[in-house]
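In order, the protein sequence lines correspond to chains A and B. If you're matching positions, the first sequence starts at 1 in this note's numbering and goes up one per residue. If you're matching positions, the second sequence starts at 1 in this note's numbering and goes up one per residue.
Just so you know, the hints here were simulated from the structure itself, not pulled from any lab data. Note that the structure is a prediction, hence the values are computed from the model and not measured. Mixed in with the good hints there might be a few duds.
To be verified - Distance ranges between label pairs, derived from CB positions: (1) A/ASN302 with B/ILE16: 24 to 30 Å; (2) B/THR125 with A/PHE160: 30 to 36 Å; (3) A/ALA139 with B/ASN279: 46 to 52 Å; (4) B/ALA11 with A/LYS213: 42 to 48 Å; (5) B/SER23 with A/ILE87: 39 to 45 Å; (6) B/ASP414 with A/ILE228: 37 to 43 Å; (7) B/SER23 with A/PHE131: 45 to 51 Å.
The beta carbon of each residue, even a glycine, is placed where N, CA and C say it ideally should be.
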Amino acid sequence: MENTRLGKFEAIAFIITVMINHVFLNMTKIIISSTESSALLNTIYISLIALVVSYIIYVLLNKFPTFDILDISNFLGGKILKTIISILFFSYFIFFTANLLKSFSYCLQIIYYTSTNTFFVIIVFLIATVFICNLKNNALFRSNLLIVPLVIISTLILFFGNTGDFVFENVFPVLGNGIKETFLLGIGNLFAFQGLLHLLFLPPRLKDVTKLKKITFLSIVFSALYLIISICIVLFLFDVEVTNSLLSPLYSSARYIEFGAFFQRLDSIFMLIWIISFVSYLSIIINTCSNIMKKATHINSNKFSTTLVSFLILVVTFFSKNYAVSTFFTDVVYKYAFFLILGISLIILTLAFLVKNAKNKSNLLSGGAK
Amino acid sequence: VINKLTKTVLAIAIIITVVWGFSDSYSSHNLDNIVHVVAIGVDKSSDEENNLKVSFQFVNMSSGGEGSSGGEASTIVTSISSTTINKAINLMNSYIGKELNFAHCKVIVFSEEFAREGISTEICTFINNEEIRPSTNIIISTSDAHSYLKNSNPNIEKIVTNYYETFELTSNFTGYSEDTTIGKFYNRLMNPPHGNTAILGRTFKKVSNSESTDSSQGQNSQSGENSGGNTSQTDSGGATLDISGERGTQNVGIAVFKDDKFIGELSEIESICHLLLTNNVDSFIISLPAEGYPDNLLDLNVQTLRSTKIKVDTSSDIPTINITVYCEARVLTIDENSNYEDSQVLNDISRKAHRYLKSQIENYLEKTTKKFNSDIAGFIDHATKNFLTLKDLENYDWSSKYENSNFNVDVKIDVMSSLLFSGN
Numbered sequence: 001m002e003n004t005r006l007g008k009f010e011a012i013a014f015i016i017t018v019m020i021n022h023v024f025l026n027m028t029k030i031i032i033s034s035t036e037s038s039a040l041l042n043t044i045y046i047s048l049i050a051l052v053v054s055y056i057i058y059v060l061l062n063k064f065p066t067f068d069i070l071d072i073s074n075f076l077g078g079k080i081l082k083t084i085i086s087i088l089f090f091s092y093f094i095f096f097t098a099n100l101l102k103s104f105s106y107c108l109q110i111i112y113y114t115s116t117n118t119f120f121v122i123i124v125f126l127i128a129t130v131f132i133c134n135l136k137n138n139a140l141f142r143s144n145l146l147i148v149p150l151v152i153i154s155t156l157i158l159f160f161g162n163t164g165d166f167v168f169e170n171v172f173p174v175l176g177n178g179i180k181e182t183f184l185l186g187i188g189n190l191f192a193f194q195g196l197l198h199l200l201f202l203p204p205r206l207k208d209v210t211k212l213k214k215i216t217f218l219s220i221v222f223s224a225l226y227l228i229i230s231i232c233i234v235l236f237l238f239d240v241e242v243t244n245s246l247l248s249p250l251y252s253s254a255r256y257i258e259f260g261a262f263f264q265r266l267d268s269i270f271m272l273i274w275i276i277s278f279v280s281y282l283s284i285i286i287n288t289c290s291n292i293m294k295k296a297t298h299i300n301s302n303k304f305s306t307t308l309v310s311f312l313i314l315v316v317t318f319f320s321k322n323y324a325v326s327t328f329f330t331d332v333v334y335k336y337a338f339f340l341i342l343g344i345s346l347i348i349l350t351l352a353f354l355v356k357n358a359k360n361k362s363n364l365l366s367g368g369a370k
Numbered sequence: 001v002i003n004k005l006t007k008t009v010l011a012i013a014i015i016i017t018v019v020w021g022f023s024d025s026y027s028s029h030n031l032d033n034i035v036h037v038v039a040i041g042v043d044k045s046s047d048e049e050n051n052l053k054v055s056f057q058f059v060n061m062s063s064g065g066e067g068s069s070g071g072e073a074s075t076i077v078t079s080i081s082s083t084t085i086n087k088a089i090n091l092m093n094s095y096i097g098k099e100l101n102f103a104h105c106k107v108i109v110f111s112e113e114f115a116r117e118g119i120s121t122e123i124c125t126f127i128n129n130e131e132i133r134p135s136t137n138i139i140i141s142t143s144d145a146h147s148y149l150k151n152s153n154p155n156i157e158k159i160v161t162n163y164y165e166t167f168e169l170t171s172n173f174t175g176y177s178e179d180t181t182i183g184k185f186y187n188r189l190m191n192p193p194h195g196n197t198a199i200l201g202r203t204f205k206k207v208s209n210s211e212s213t214d215s216s217q218g219q220n221s222q223s224g225e226n227s228g229g230n231t232s233q234t235d236s237g238g239a240t241l242d243i244s245g246e247r248g249t250q251n252v253g254i255a256v257f258k259d260d261k262f263i264g265e266l267s268e269i270e271s272i273c274h275l276l277l278t279n280n281v282d283s284f285i286i287s288l289p290a291e292g293y294p295d296n297l298l299d300l301n302v303q304t305l306r307s308t309k310i311k312v313d314t315s316s317d318i319p320t321i322n323i324t325v326y327c328e329a330r331v332l333t334i335d336e337n338s339n340y341e342d343s344q345v346l347n348d349i350s351r352k353a354h355r356y357l358k359s360q361i362e363n364y365l366e367k368t369t370k371k372f373n374s375d376i377a378g379f380i381d382h383a384t385k386n387f388l389t390l391k392d393l394e395n396y397d398w399s400s401k402y403e404n405s406n407f408n409v410d411v412k413i414d415v416m417s418s419l420l421f422s423g424n
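Bound conformation, chain A alone (with noise of 0.2 Å):
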């Protein structure tokens, strides 16, 4: 029998796997241009505010143990808000990570194919991850397991790597832009945690449902200590201009890095794991996206689903013209649709909630008045 369920690691690994490759790409460009010294107060900051999303998405969550949020929609409104719901997770989940899967080709063919198109450059990651997700027994979330603490190593090393260049008083201003920028405006950068829109999938997909308040508690611990040290690195060891025009920051830190004159160019190891990484990720996205696909309409078949899928995100690639629109629908279209989603799906689950709540009250109350 195929074993399709994820364990609690697995769960974890996935929606930590889903926050790294934002945060690699351009996340911590976005928080440190718009908060400038103050990024790692910001970063603290929104960390906490995630914890608490997080947990509120748990309690919700645990009223309807094996639902996700396209079940609990189905529960509320019937199948027109499930169809409405597919649709707004399904676009998003699309554009965005057409996006991200433009800017890290588009990074790749700065760095290493100067002289081929970006196309090919996407083509063979979306033939890569339509070949993992037809691979059976969860390989694709199990892998996933082993590549998550290989780059959480690696991001350790960029940060032990670079101290020696560290200018620890980049944190200076405190406030940085001020409290206005760094506490109000700065929720907007609560964007980085995308994995809050992937918990909302998680409860039917558990080996085990109980697990999931440890699960929804460690990956965003985890993710929020990912994005933390990622974010020293780049304050520390840029001055924001420089933040601001580079393609990964990280990246960027990573030519830093050389221990000695025998270990140098480790830039390239880094790569190798990103991508690795990246691949991982847009399997998952894909996966996610083909489970929406499968539970909106009447398709059962994965190999169709998958497939579909990867050719929609190859068709929105090319949306964006250059980078200027690719980082323009970034910064600002897909953070505003994350808050949307992220609001609607919130609105639905204490309404559901509400709903279900009242309903339990009336069949005690009816079973009580029998």
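On the provided structure of chain A, position chain B as indicated by the hints.
Positioned in the frame of chain A, the structure of chain B alone reads:
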């Protein structure tokens, strides 16, 4: 059967796509199609139209090298006049018939004359090139960059890149120069209150040629100017340095920048003070003026004990900067009258070293404030914690106030002993 056929066709299609898509990148990175540049020089050109003279240094692989059993690999320096760096690279690609690759570029040299007019455009161009590493050293040559590269033939290492890699190490244990890289330089360039520094390179003109050596013949035919042998040389930059050697370049001192313009230089002892304050030196040797010792000089090997403590007070319009340096030293000078087992003697030397280093650091600070008005030691980094927001920091206007800063320097130095012998 149909399923198997589909899979085979799909696999072939994928292979063809990948091969087709990536073959161009493979060809352009093929070793037969590229030539590695180990150093770049930038000078002002005498040509009115093409105001930039860019020199490229290559290793002449046919003359030997790391893998060969023969002698040193000599270098080839080729120059081209152009309007921009990128155009110069393209012209050189065309001239050589191969693509220049900067992945092994270790050094970028600017002539002093060129650097005085500002180098921000060139630095941004280089940092924007993916192949150029952030660890590439920046050198300001007192003579023209082309001559510097021509005379940069290694005399101990087999290949020139090995020589360039020694800069970081030597700056750590001599304190005579700073390991300035393009990454650090660019970072500071983008952070205006910061002053900037670079390695100061000098080219020597040969005064006499008393001996010639066989090993130098090959490389000197390439360098053109310096025909080798033991030579007593004078510095074309002004100061006289009596150095005998086959390499016609020396990196002693630090080039000082305000914004992107070269404005002056630091001497050897000033460089030591600079590196002490920026925590970039592990050990160095100083000669204290001391009566009763041979030649009235006492050599000490000073080692830094911990990071220099810097506190900046910005409560008034005149910043007050408190500096405490922590060192320990060992006496190098020894003669028949020495007695370094006597704690009185050691304490006396400690006091002398304290006075000497304190006065040197004060002189250095006086020079950076009054003469250069450039915060090259990065005191601004220590001042930022006094402000809550960036706007407060901006309003304080550090750049204009640094010039009038007050300094309180304290040097905590203990002379521990001599080395192997303690004298009588």
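Each hint tested on the structure:
{"no.": "1", "hint": "A/ASN302 with B/ILE16: 24 to 30 Å", "result": "holds (26 Å)"}
{"no.": "2", "hint": "B/THR125 with A/PHE160: 30 to 36 Å", "result": "holds (32 Å)"}
{"no.": "3", "hint": "A/ALA139 with B/ASN279: 46 to 52 Å", "result": "holds (50 Å)"}
{"no.": "4", "hint": "B/ALA11 with A/LYS213: 42 to 48 Å", "result": "holds (45 Å)"}
{"no.": "5", "hint": "B/SER23 with A/ILE87: 39 to 45 Å", "result": "holds (41 Å)"}
{"no.": "6", "hint": "B/ASP414 with A/ILE228: 37 to 43 Å", "result": "holds (40 Å)"}
{"no.": "7", "hint": "B/SER23 with A/PHE131: 45 to 51 Å", "result": "violated (22 Å)"}
Checked against the numbered hints listed earlier, the structure breaks hint 7 alone; every other hint is satisfied.
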